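Trainee: Please assemble the complex out of the two chains, which come individually in their own frames, going by the hints.
Residue numbers (full-length UniProt numbering), protein chains in the order written: chain C, 1 to 248; chain L, 1 to 233.
Treat each hint with caution, since some may be false.
To be verified - Derived DSS-like pairs (lysine-lysine); straight-line CA-CA distance at most 27 Å: (1) L:Lys37 <-> L:Lys87; (2) C:Lys218 <-> L:Lys210; (3) C:Lys155 <-> L:Lys92; (4) C:Lys188 <-> L:Lys92; (5) L:Lys65 <-> C:Lys218; (6) C:Lys218 <-> L:Lys57; (7) L:Lys37 <-> C:Lys218; (8) C:Lys188 <-> L:Lys210.
Note that these hints are calculated values from the structure, not bench results. Values in this document were obtained by computation on a predicted structure and should not be read as measured data.
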Amino acid sequence: MVNFNNLLQYLSLQSPLPSSSSASLSNLNITETLTKMGLTTYTLPSLPYAYDALEPHISAQIMELHHARHHQAYVTNLNAALVSHATALAEGDVAAQISLQQAIRFHGGGHINHSLFWRNLAPAGTAETADPAQAAPELVAEIGKVWGGLAEFKKAFGAALLGIQGSGWGWLVKETGEGGRLRIVTTKDQDPVVGGQVPVLGVDMWEHAYYLQYLNGKAAYVENIWNVINWKTAEERFAGRSEEKTEL
Amino acid sequence: MSSTLFRTSPALRGALRASGAPKVAGAMAGIGFVRGKATLPDLPYDYGALEPHISGKIMELHHSKHHQTYVNGLNSAVQTIKEAESKGDFTKAATVAPLLNFHGGGHINHTLFWENLAPASREGGGDPSGALQKAIVADFGSVDSFRKQMDAALAGIQGSGWAWLVKDKTAGNLNIVTRANQDPVSGPYVPLLGIDAWEHAYYLQYQNRKAEYFEAIWNVINWKTVESRFEKP
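Just chain L, with the same shape it has in the complex (with noise of 0.2 Å):
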């Protein structure tokens, strides 16, 4: 399959670019907003740059299609929220909690996501370095063994959801947690490193291999940006 069928085609990209004012900095570095509305982000790298791990077909169907449904969700989540707030409805505001949650959660998820990826010919792959390799050979013993551990982690999920490698701001160690659907991750938790286990995520490609999947994407696993989570203070 060519992988120049799912680039992100030049005309597309200038639309976006041109598509809205300067974007302003979101609650989260990274996530999106144009005029206080949350925006599909520009991938790093074209649809095709993960494979052979992970196809364009998939990437180009899970960026377009799917994180734009959430950030489309998301908006209206938030403008219906805001439409009951005017009126002082706050019931009706809070019966669409659930879907701020959900469609929000998938915003901020995926672009984390994005972000953590990159081709295997570039940043992706490899092991992480610095202060992160020794906070993870602390914290898991070595980085075999927390891939391992985050595989099991994911392997373990029973439904939709996503496995995260966490810092905790509270006691200042790494932990592995996971979560159903799209629920993000907070409290005292500093996403570092998520993977999408949802079946969206690798099914074109690798059906109900999934184990296979989760293997494959330590290929493509940027861990300079994984890094520059950690050290952020």
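Excised from the complex, chain C in its bound form (with noise of 0.2 Å):
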């Protein structure tokens, strides 16, 4: 199983971002509770690109939402559930802890699942999205093996996708160990892909991630997305070499 406790440390560690000078005194105080308890506070990480970079496959009006609205509330909420964990834990109160498993699940995997979709996504015409097998050789050559080819990879996981009832997430995974096989993969709600296979990319599915373009629209979201699909970040968590350590 993985550490999920080292997974989400990592994760913030690979952005950390100034403190905010937004950050209300309740945030201040979460953060000076978990910083005594010799915990790691969880931040927002910076977009590697500007929210209207992505345009016009996802608009800048949903990419600023996503990420400084829906993102942080996830970070915040996780904080807020490790503080109480944190004190049930040092309270011997295992009742406590366990009705807080839910949250850290819901608010942690939000923070993972977040974190790794702004990495696997780039602006489109770019060397990172225009050919995928230019950027990931590795990747695309496995894909071909499994599906047959990149189209009908594509045709797969958007059926996946689209299958997907509620909000969720859909995942092109490898499995851990020598010559882990690829799979598709979906995630409900904010569930992260943990223990025995390795995020390569994901696709949020949540209204929330196109709603305001797309409205009732769906499929022309799932269609569009490929072009901003950052495929040399793909290949790095597929071949083992990403800086994010894909064995979470």
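Mentor: Here it is in structure tokens:
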């Protein structure tokens, strides 16, 4: 099993954000409490591109709300849940520890999933997105072996995305271990891909990821997102060269 | 934004009426079926009628696109099951169960939802009265306390889902329950009042500020509908 805490810690260290001047008093208290307990305070990673950099495929308004509001809320609520959990642990209150598991899973998963998602997107027409075979030679070769070609993979992945009932994510994962096979999996709500699988690329199928632009036309979102998939990041995760430590 | 943009056109309404045989009673009152097929129910108000609390654009998409998709998905799932049954392929029938639950639940939930909303200028908003009011006070302390508990349940949904005020047929009391995705309320519970917490129900107007939607929707709750569901034996 993956050490969930190390994973979160790692992701937050990947993209340290300078302490926000707009941080509320309660956020400062949470940071202070976590620090006193010797725990990490998770922070919102900055995006590796501007909010409008994925247009016209994903609008700047969507990206800003998604990153600055939704992802921030997962980070804030994760830290709050971890304070409560650390307190319950210190007090030996096992019932309280158990009752906090779902909140940690949801908000921690939200933080992990979005951190992975931002990094597997990039502006269209760049070296990262325009030519998958060039940006991700090993991954595209393996996709060819498994699905018969990139077009066939995209079709299968798109069908999995559109088959999600409610909120969730679609992932291309690599099973861990030697010769790990590629698989398409979906996770519900903010369940992260952990334990035995390396996320290679993820697509957010929550309505907040596309609704302001695509409304109920989620098939068009699923089609257009291929224009902004960062194949270089996917290749690094697939080949185990990612600095994100893809064993997470 | 002009609400008239989003009214159901008279021509469309006429076409809807002309399109089928007389409606027969479905499994639940208010759930429309024509010749054994689920149909999209007409809204009892215009798309713009719930403004400013729910925008006309949200209502139009929610009703004419999202609900229609559940109706289509339900009919398709039922058809697949019928065909599988006729061939004795019960494995195939069983694999359709998740689609039946999702689209069937979506059709039931939205049909109940439209009926428990009304324009603020008409039946919408205010407080319940009569036996329902007494039961809410008995089970939740006060109507305000009930609204707060319902809003807390809605805010606590992780992902897509619904919160419901339900009557427990076995215990006789009222409860608040939540359901994931489009799971319908079932078992001992009778759904009285449902609030849709899917992002498509509020995102175009409220974006990530869903607490504002949960607060505003009380202005368009049709308590008369809730009362009649509560009083139904």
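Trainee: Look at each hint and say if it fits the structure.
Mentor: Here's how the hints hold up against the structure:
1. As the CA atoms of L:Lys37 and L:Lys87 are separated by approximately 21 Å, the hinted pair is consistent with the 27 Å bound.
2. With a C-alpha separation of about 21 Å, the suggested pair C:Lys218 and L:Lys210 falls inside the 27 Å cut-off, and the hint holds.
3. At most 27 Å may separate the alpha-carbon atoms for a hinted pair to count; C:Lys155 and L:Lys92 meet this at roughly 23 Å.
4. Taken as a hint, the C:Lys188 and L:Lys92 pair is honoured in the structure, with Cα atoms around 24 Å apart against an allowance of 27 Å.
5. Note on L:Lys65 and C:Lys218: the hinted pairing holds, with a Cα-Cα distance of about 12 Å set against a maximum of 27 Å.
6. Pair hint C:Lys218 plus L:Lys57 holds up; C-alpha atoms about 17 Å apart against a cutoff of 27 Å.
7. Only pairs whose Cα atoms come within 27 Å are accepted, and L:Lys37 paired with C:Lys218 is accepted, the gap being roughly 26 Å.
8. Proposed proximity of C:Lys188 and L:Lys210 is supported: the alpha carbons are some 20 Å apart, at most 27 Å.
Checked against the numbered hints given earlier, the structure satisfies every one of them.
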